[in-house]
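> The residues making up each chain are set out below.
Number of protein chains: 2
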Amino acid sequence: MIVTIIGTGLIGGSFALSLKDSGFASEIIGVDNSELHLKIALEKRIIDKALPLEEAIAKCNVVIIAIPVDSTVEIIPAVLDKVTNQTVIDVGSTKHAIFAIAKAHKNGSRFVATHPIWGTEYSGPDAAISGGMKNRITVICNPELSDPDAVATVETLYRSLGMRIVYQDAQSHDLHAAYVSHISHLTSFALALAVLDKEKEEEQIFQLAGGGFESTVRLAKSNPDTWVPIFKENRSNVLDVLNDQIHYLKQMKKLIEMEEYETLHKLLEQANDIKRILK
Amino acid sequence: MIVTIIGTGLIGGSFALSLKDSGFASEIIGVDNSELHLKIALEKRIIDKALPLEEAIAKCNVVIIAIPVDSTVEIIPAVLDKVTNQTVIDVGSTKHAIFAIAKAHKNGSRFVATHPIWGTEYSGPDAAISGGMKNRITVICNPELSDPDAVATVETLYRSLGMRIVYQDAQSHDLHAAYVSHISHLTSFALALAVLDKEKEEEQIFQLAGGGFESTVRLAKSNPDTWVPIFKENRSNVLDVLNDQIHYLKQMKKLIEMEEYETLHKLLEQANDIKRILK
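Residue numbers (the working numbering), protein chains in the order written: chain A, 1 to 279; chain B, 280 to 558.
Read the hints as simulated data drawn from the structure, not as lab findings. The beta-carbon is built from N, C-alpha and C at its ideal position, and this holds for glycine as well. Check each hint, because a few of them may be wrong.
[Said to hold, decoys possible] With a Cα cut of at most 27 Å, we get these calculated DSSO-like pairs of lysine-lysine:
1. A:Lys200 / B:Lys554
2. B:Lys318 / A:Lys253
3. B:Lys318 / A:Lys198
4. A:Lys275 / B:Lys533
5. B:Lys511 / B:Lys479
6. B:Lys533 / A:Lys232
7. B:Lys318 / A:Lys279
[Unchecked claim] Ranges of calculated distance between the beta carbons of each label pair, as one might list FRET restraints:
8. A:Ala104 / B:Glu482: 40 to 48 Å
9. A:Lys275 / B:Arg438: 33 to 41 Å
10. B:Arg443 / A:Pro52: 51 to 59 Å
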């Protein structure tokens, strides 16, 4: 298959490398607004060639859109305008708005909304790696609303990467993603901000930062260009989970203020139930 | 050296195994209120023998107190009462109250307050491992207030484990620990509670949980018996950092509510400065 990748950053670049290595892609065409990213992607042989959007679509079998979710919403009509029998997917972290705009297009049945649950806190083509998605989960949204051959192509693509496919409707996806992914990023950003503030008074504050700090704060290195659009596109679910998070932190604060340690103990035992999920 | 370990759980058990392997300890004596922990520790050869507190102290060179920080505060006078030339350390996550009570004792100069920055989200002697502390940091508080030979023994002990020693006063330690460790646990507990609540409506919510979720939420598996006493002993610093954390989450919430995405972008860029610390 010839694969066009729109957006040659961390995610697009990792798809390019992985699909070449898996044998799914015989050729990778890169499309990017950033001349610098294209240059790096070519130099590092992440893509075989760079072409303008229209030409790239005409020459390929599969289009992967791997740009921030708000830009994905914007570009989808222009991409679908140029499609004949190509399969088009996006790989963004929110699905509802993307799915709605694609399905409203006359070529919408060629589009399959997907979300591979993978990423790192780094960004750009230099951060692209091969094989990182192996054994991870990928979501395919509402496959019944796409052409069966397009869905089959996408399933083959993800299986070639060793990913496990989960089918969800776009709306449930966005709710679930807010609770198990988006809020983790917001709390990480907030933790980083709190401790960076304190560093202004206490220069040595990071001297004691251990494994717990690193694991809860590393997501604060994530790219705002990726994440602000995710919070924007998933605004109402993100506000809900932020409310829940603030509620529980306030409850803990109150219990510590009032020195109600037995109730706090019960609350933390309740949180321990997460052991059911995280082995 | 003969080492008595009070508390044969995750931390005490890991000290026992590591100090035997490093050659620092020729014999490990275990003291524990829990008959079950002692039985497991003996069966798994984590300790060589179990003795009552008084006898254990009389027969050893070094005492390591590895029990929850509030119990440490309580037991210190009874331990120091029985000390002649033994060196006594604690390994708890808060230092100010422990340090104050030890230094008020007539044998207080035999006591060295320490905090090895290491742990896992598991607990009990079954979770004990050897060598986990290698290359980690350990804090020794106010060494000038302990006997030089006691400090030297403790330095030798930690160096035998491959740890890097940092010297801090007890009060700074507690402030720093609140910001780079204690708050990470509180936010993890809160994240777990929020998503466990949502699971009651959305059974499949954990289907999408990826690496970011796991790393920010794994601390919610931590033992409330350990952590409630830490929040209690470090109450005022923990309340400060909880306030900071709630402040930033509320600010993010407000920016998303008002759709002020440019300001949100700037805030997240500010958080990205954590890259200076976490490489």
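> Which hints from the list above does the structure break, by number from lowest to highest?
2, 3, 4, 5 and 8
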